[in-house]
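Undergrad: Here is how the chains run, residue by residue.
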Amino acid sequence: MAARKPLSPHFSIFLGMHMNDIAVPPANSVGIVSTKYFTFAQPPNSLTLVSGKTLSPVTLAYETYGNLNEKKTNAILILHALSGTAHAAGYHSPHDRDAGWWDDYIGPGKAFDTEKYFVICSNVIGGCNGSTGPSSINPATGKEYALDFPIVTIADMVNAQKHLIDNLGIERLLAVSGGSMGGMQALQWAVSYPDRVKSVIPIATAASLSAQGIAFHEVGRQAIFRDPNFNGGNYYRESPPASGLSLARMIAHITYLSEKSMHEKFGRRLQNSELFRFRFDTEFQVESYLHHKGLKFVERFDANSYLYITKAIDYFDLKAEYNGKLTSAFEHVSADFLVIGFTTDWLYPTVQSREIVNALRVAGKNVAYTEIETDYGHDAFLLPNDRMERDIANFLKRELEKANKESI
Amino acid sequence: METSILNTIAYDLIIDEIPEGARVLDLGCGDGSLLVQLQKLKKIDGYGVEISPEGVSACVEKGLYVYQGDIDDGLSDYRGNSFDYVILNQTLHFTKRPRFVLAETMRICRNAIVSFPNLGYWKNRLHILLKGSMPRNTSGEREWFNSSNMHHLSIEDFRLYCGLNDYPIKRERHFSLKGSSAHSKPVGFFPNFFAHFAFFVLDGEKFTE
Numbered sequence: 000m001a002a003r004k005p006l007s008p009h010f011s012i013f014l015g016m017h018m019n020d021i022a023v024p025p026a027n028s029v030g031i032v033s034t035k036y037f038t039f040a041q042p043p044n045s046l047t048l049v050s051g052k053t054l055s056p057v058t059l060a061y062e063t064y065g066n067l068n069e070k071k072t073n074a075i076l077i078l079h080a081l082s083g084t085a086h087a088a089g090y091h092s093p094h095d096r097d098a099g100w101w102d103d104y105i106g107p108g109k110a111f112d113t114e115k116y117f118v119i120c121s122n123v124i125g126g127c128n129g130s131t132g133p134s135s136i137n138p139a140t141g142k143e144y145a146l147d148f149p150i151v152t153i154a155d156m157v158n159a160q161k162h163l164i165d166n167l168g169i170e171r172l173l174a175v176s177g178g179s180m181g182g183m184q185a186l187q188w189a190v191s192y193p194d195r196v197k198s199v200i201p202i203a204t205a206a207s208l209s210a211q212g213i214a215f216h217e218v219g220r221q222a223i224f225r226d227p228n229f230n231g232g233n234y235y236r237e238s239p240p241a242s243g244l245s246l247a248r249m250i251a252h253i254t255y256l257s258e259k260s261m262h263e264k265f266g267r268r269l270q271n272s273e274l275f276r277f278r279f280d281t282e283f284q285v286e287s288y289l290h291h292k293g294l295k296f297v298e299r300f301d302a303n304s305y306l307y308i309t310k311a312i313d314y315f316d317l318k319a320e321y322n323g324k325l326t327s328a329f330e331h332v333s334a335d336f337l338v339i340g341f342t343t344d345w346l347y348p349t350v351q352s353r354e355i356v357n358a359l360r361v362a363g364k365n366v367a368y369t370e371i372e373t374d375y376g377h378d379a380f381l382l383p384n385d386r387m388e389r390d391i392a393n394f395l396k397r398e399l400e401k402a403n404k405e406s407i
Numbered sequence: 000m001e002t003s004i005l006n007t008i009a010y011d012l013i014i015d016e017i018p019e020g021a022r023v024l025d026l027g028c029g030d031g032s033l034l035v036q037l038q039k040l041k042k043i044d045g046y047g048v049e050i051s052p053e054g055v056s057a058c059v060e061k062g063l064y065v066y067q068g069d070i071d072d073g074l075s076d077y078r079g080n081s082f083d084y085v086i087l088n089q090t091l092h093f094t095k096r097p098r099f100v101l102a103e104t105m106r107i108c109r110n111a112i113v114s115f116p117n118l119g120y121w122k123n124r125l126h127i128l129l130k131g132s133m134p135r136n137t138s139g140e141r142e143w144f145n146s147s148n149m150h151h152l153s154i155e156d157f158r159l160y161c162g163l164n165d166y167p168i169k170r171e172r173h174f175s176l177k178g179s180s181a182h183s184k185p186v187g188f189f190p191n192f193f194a195h196f197a198f199f200v201l202d203g204e205k206f207t208e
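In order, the protein sequence lines correspond to chains A and B. Numbering-wise (numbering that gives the first Met the number 0), the first sequence opens with residue 0 and increments by one. Numbering-wise (numbering that gives the first Met the number 0), the second sequence opens with residue 0 and increments by one.
It is possible that part of the hints are untrue.
Quick list of simulated restraints, FRET-style, between CB atoms [as the list claims (entries may be wrong)]: (1) A:V49 - B:R78: 48 to 58 Å; (2) B:R78 - A:Q211: 45 to 55 Å; (3) A:G323 - B:F99: 24 to 34 Å; (4) B:D202 - A:E217: 50 to 60 Å.
These aren't lab readings, by the way, just hints derived from the structure by calculation. Glycine included, each C-beta is placed from N, C-alpha and C at the ideal position.
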């Protein structure tokens, strides 16, 4: 299950290249990679969800980078946020202009060093990027599930990923990491499968989403529901609810930035003129940015998946099954933790990172907490940051040392 | 000399004080070098709290589990007597709320180690008497406007405070430094005058709420 080796610079010269090509993948890139698909729970088997409903069959999209060592102690599972995909690093083709969503952190010599670690990035069920979700064909009807798709939770996503990790033959993951919803999945991994996780790096995340976060999600969902094209979710053969989905994305994007980063990025600058035109068209740069983000999103994301995944985030509450006590949720956890928060993140504020950390401390677990000073708000976890890169690299190095010692 | 020595002051005494295998919380643990030594020499189960990002990153690099924040942050979540030892080494006089920090320390520890520069040290007295200006309490400490000192205190002040709060003092091992090294030279005679640094071990066993 080893990832494809990055193309050597010499080799790529022989691939006919276009003007848009990435000239040669940078030396610290994992190079050209491809998404793989793992299908399980084939009939008569099925995956039972937290709601009690079942799903069959189930496919997960995933990518891998680097090589699994002999003792299988160096596997790291990376989990993505709301709109992410399995494509975390490298390029899908030499014509690709954009690298995977966490390419700054995954690659040779990077924080998740693919020369040392076998890195797996798994997509989620409910999504629309190769894994089973509302846009998949329902075997019972031969049509897309649409809103007949069962509600999935973060725990369901993790339970599905556990089948993938089993299939890859990995008994214990060296680390599970992700930001935002990816961090929620990482926390859930530690709680659901304590024996399978050596360490966890939850980033810009929370043990449950705040009321404010749920509120923003609901506005986004309502924008989709109220789009005339929505048609009860059955739009796959018609025009999709693009205006609703793009509006949902515009709202969400505001929550990913900080007041300061917006001010610095756009200020009150106007898009096309020096003077106010006294009209309702897009005039401020920040308006134009949001419109652009909304439109781009519609090209790559399914509105129904957006409904399901935001709902999964809203439902997530690690302490719910433990009498509202987060410390109890962590009591039987065996992983070591590196929790990372960002000072200007107001969607997953640092007070929520500290809630996780303090519960772990009180439960007597090994937890390091790094609070990173940044202007970039929630989005900071996707951006390069020297301190975050260094802390992750050092933490993993120590965890691998321990894991190798234990496996002797 | 300053920073490195300031950071290692009282390490030998603390290492001597802490028994094998203890569960230890170091409040204001800096770059974690004391915790690393304690792990190596005493096989302790060590945790730290540190406010500076550089300190915390250095701790992560050493494989330590350290919390980045104010030292009083999150202490209230701990149950009584959670730690065999809580260390306040050259930290107490930097805290905004020393009363709260001490009370919480006593609650969550069986033993507290408190070490701080002694304002009553004769050189400090002489400094004020002759120069009429703010003494720099420890070697390498900064001018009043650069210093992060919040609450200067003397050995006598701390004894009185412990008496007022019924905090039992188990041991006092006040000391000065051996020349320019960080090693301690015990001062038994009239320490509030002759000792450069205070070193107290308090008994926190009975404080659990």
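Undergrad: Now tell me if each hint is right for this structure.
TA: To see whether the hints hold, each was checked on the structure:
no.: 1; hint: A:V49 - B:R78: 48 to 58 Å; result: violated (31 Å)
no.: 2; hint: B:R78 - A:Q211: 45 to 55 Å; result: violated (31 Å)
no.: 3; hint: A:G323 - B:F99: 24 to 34 Å; result: holds (27 Å)
no.: 4; hint: B:D202 - A:E217: 50 to 60 Å; result: holds (54 Å)
Figure legend: structure checked against the earlier numbered hints; hints not met, in rising order: 1 and 2.
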